[in-house]
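Trainee: One-letter residues, chain by chain:
2 protein chains.
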Amino acid sequence: MVLGEFDLISRYFTRPVRRAVLGGGDDCALLALTPGWLLATSSDMLVEGRHFLPTVPPERLGHKALAVNLSDLAACGARPLAFLLALALPRVDEVFLTGFARGLFALADEHGCELIGGDTTQGPLNLCITVLGEVPPAASGHGALLRSGARAGDVLYVSGQLGDARLALEVFRGHLALPSNHFEAVRRAMEQPQPRVALGQALRGVAHSAIDVSDGLLGDLRHLLQASGVGATVDVDALPRSAVLRAQPLALQRTCTLAGGDDYELLFSAPAAQAAAVRAVAAMAGVAVTPIGSIDEQPGLRLCDATGADVADVFGAFDHFKP
Amino acid sequence: MVLGEFDLISRYFTRPVRRAVLGGGDDCALLALTPGWLLATSSDMLVEGRHFLPTVPPERLGHKALAVNLSDLAACGARPLAFLLALALPRVDEVFLTGFARGLFALADEHGCELIGGDTTQGPLNLCITVLGEVPPAASGHGALLRSGARAGDVLYVSGQLGDARLALEVFRGHLALPSNHFEAVRRAMEQPQPRVALGQALRGVAHSAIDVSDGLLGDLRHLLQASGVGATVDVDALPRSAVLRAQPLALQRTCTLAGGDDYELLFSAPAAQAAAVRAVAAMAGVAVTPIGSIDEQPGLRLCDATGADVADVFGAFDHFKP
Chain A
1 MVLGEFDLIS
11 RYFTRPVRRA
21 VLGGGDDCAL
31 LALTPGWLLA
41 TSSDMLVEGR
51 HFLPTVPPER
61 LGHKALAVNL
71 SDLAACGARP
81 LAFLLALALP
91 RVDEVFLTGF
101 ARGLFALADE
111 HGCELIGGDT
121 TQGPLNLCIT
131 VLGEVPPAAS
141 GHGALLRSGA
151 RAGDVLYVSG
161 QLGDARLALE
171 VFRGHLALPS
181 NHFEAVRRAM
191 EQPQPRVALG
201 QALRGVAHSA
211 IDVSDGLLGD
221 LRHLLQASGV
231 GATVDVDALP
241 RSAVLRAQPL
251 ALQRTCTLAG
261 GDDYELLFSA
271 PAAQAAAVRA
281 VAAMAGVAVT
291 PIGSIDEQPG
301 LRLCDATGAD
311 VADVFGAFDH
321 FKP
Chain B
1 MVLGEFDLIS
11 RYFTRPVRRA
21 VLGGGDDCAL
31 LALTPGWLLA
41 TSSDMLVEGR
51 HFLPTVPPER
61 LGHKALAVNL
71 SDLAACGARP
81 LAFLLALALP
91 RVDEVFLTGF
101 ARGLFALADE
111 HGCELIGGDT
121 TQGPLNLCIT
131 VLGEVPPAAS
141 GHGALLRSGA
151 RAGDVLYVSG
161 QLGDARLALE
171 VFRGHLALPS
181 NHFEAVRRAM
191 EQPQPRVALG
201 QALRGVAHSA
211 IDVSDGLLGD
221 LRHLLQASGV
231 GATVDVDALP
241 RSAVLRAQPL
251 ALQRTCTLAG
261 GDDYELLFSA
271 PAAQAAAVRA
281 VAAMAGVAVT
291 PIGSIDEQPG
301 LRLCDATGAD
311 VADVFGAFDH
321 FKP
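If you're matching them up, the sequences are chains A and B in order.
Taking the numbering used here, the leading residue of the first sequence gets 1, the next gets one more, and so forth.
Taking the numbering used here, the leading residue of the second sequence gets 1, the next gets one more, and so forth.
Everything labelled a hint here was simulated from the structure, so no lab data went into it.
Heads up, the beta-carbon is just placed ideally off N, CA and C, and yes, glycines get one too.
Keep in mind that a hint or two might mislead.
[Claimed, not checked] According to the in silico footprint, chain A covers these stretches of chain B (three or more CB under 8 angstroms from chain A):
(1) 23-31
(2) 83-92
(3) 122-135
(4) 141-151
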């Protein structure tokens with residue numbers, strides 16, 4: 001059976017909207033924000049072979065396509081409202097679409113983020129989601145978390161664990177083998193990242209700055225430092241990582257945690273005096289948060305180990321245009 | 001020279017924002033709406049070979065990628081605010097990017113619509129733009145134009161001219177030849193459509209319903225009729241078309257005007273009593289507007305010619321998943 005474009009939209013991607021004034025089916029969707037709040041928005045485009053492997057189960061791909069966008073909202077402390085999905089498909093594959101929609105909507109429902117529009121077309125597989133959220137204005141004292149707010153003396157924190165997604169990628173690339181239960185665990189980290197939406201919102205008014213870790217910790221930290229005009233010291237032994245990753249050689253652990261990519265954890269800084277508040281907020285959000293270093297007045301990024309000895313920075317950030 | 005992802009963004013797509021609270025360079029962009037107004041948003045994804053030919057000059061492609069999105073805002077009567085651009089490129093091609101950015105920003109500036117974020121990645125060429133605008137709420141009496149507002153007795157209008165884009169496509173397909181000045185004219189219609197942004201906004205409070213004509217007049221009219229629960233009669237001889245198209249055989253004229261695709265004109269209905277207001281609004285927006293038929297209580301779409309004789313509807317709508 002060949003489904004046309006409009007049948008495809010109506011079969012897989014049409015659900016009644018609850019929050020939006022108008023969902024899909026018109027030229028635009030219409031959405032009301034909380035009075036006085038700002039719109040927060042971000043787009044991420046996912047391409048096969050770059051952002052996901054052809055082996056990914058469609059349900060997980062649906063989850064991930066939205067998760068990476070929700071992670072951007074989380075990094076700003078924004079409350080998710082809605083999203084648009086633009087989808088290029090080589091052909092209408094109903095098994096793919098059924099699974100994709102299931103994973104997509106499961107995560108959307110979890111975060112009260114509804115599909116309000118988008119586009120479908122024939123073409124090489126490409127998933128582009130634009131997410132819409134809202135944050136109070138800065139004048140409220142609990143405005144958006146920005147990359148530019150870090151100050152010398154802040155403690156640097158990261159949520160969850162780093163590096164499992166990269167470890168899974170190394171297995172897919174044939175660079176190493178893992179027992180199947182270990183592989184399943186890290187593969188899930190790669191294919192079904194959990195955006196830290198509740199944590200991000202709870203950090204408003206507590207943290208000074210935040211960014212989501214999508215291209216590897218060091219690369220993203222550099223963006224934060226540059227935007228804030230500060231430096232940082234990171235204890236590479238303090239980086240939170242799974243038991244599976246800890247069982248690997250130290251050099252691989254460091255590559256995966258420092259320059260892994262696809263972590264979708266929050267990297268943020270908060271004044272030392274807010275340490276108890278950070279712990280409380282993390283407990284409330286149900287997410288582990290680990291202090292991993294500090295923000296320094298002196299520009300530049302310094303890596304040390306648990307003994308305080310310098311560690312050479314030989315780790316590059318992931319860049320979609322570099323091999 | 002190989003540019004990395006971040007260099008590419010900073011070189012071609014970073015400009016200071018004027019209206020947005022925060023533009024690109026953070027996890028999200030932040031945007032304030034006019035108090036009480038609604039966000040209007042739409043995404044369109046353009047794929048080579050489907051939405052544009054490899055022969056399109058990059059500057060025109062930059063224009064068109066934004067134009068098709070602005071056309072969706074126009075159809076809702078929304079005021080453009082900002083857009084996000086997600087771009088997959090096979091490789092970093094500086095000639096392409098320079099031209100693309102020039103065309104994109106020229107149109108963006110014309111409509112006061114600023115680039116506030118997006119994504120770039122390596123992959124088969126794909127352009128996905130999400131446009132953000134705003135409209136007053138319905139309670140204001142001049143809320144968004146919707147597809148669902150057409151009422152029996154309304155006059156049906158279309159802006160500009162129909163069919164030139166399709167005629168150009170037929171030349172590219174080798175189905176016919178045109179003198180070069182004629183070809184240039186229709187090619188420009190295909191590659192540089194003018195979104196009817198001013199007209200759309202001016203029609204709020206005047207028109208009952210609107211849709212943009214992107215998939216061919218008949219296909220889009222059917223969406224409007226379905227959403228409104230009404231029928232229509234269209235005089236196919238009244239459809240506005242260029243002198244170039246009028247020089248073609250009548251059957252081709254009808255295919256191009258009724259089922260051409262890529263017109264990006266506004267199709268709208270307004271009560272007969274508003275005819276003078278429609279003319280005034282069109283004159284103010286500097287766009288021709290032509291009455292082409294009427295909205296009927298009886299469901300279904302009837303085509304007639306200038307003599308009133310029935311015309312058989314043998315014209316399909318363009319569908320991205322059908323050949």
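Trainee: None of the hints should be skipped; say for each whether it holds.
Mentor: So, going through the hints one by one against the coordinates:
no.	hint	result
1	23-31	holds (count 7)
2	83-92	holds (count 6)
3	122-135	holds (count 9)
4	141-151	holds (count 4)
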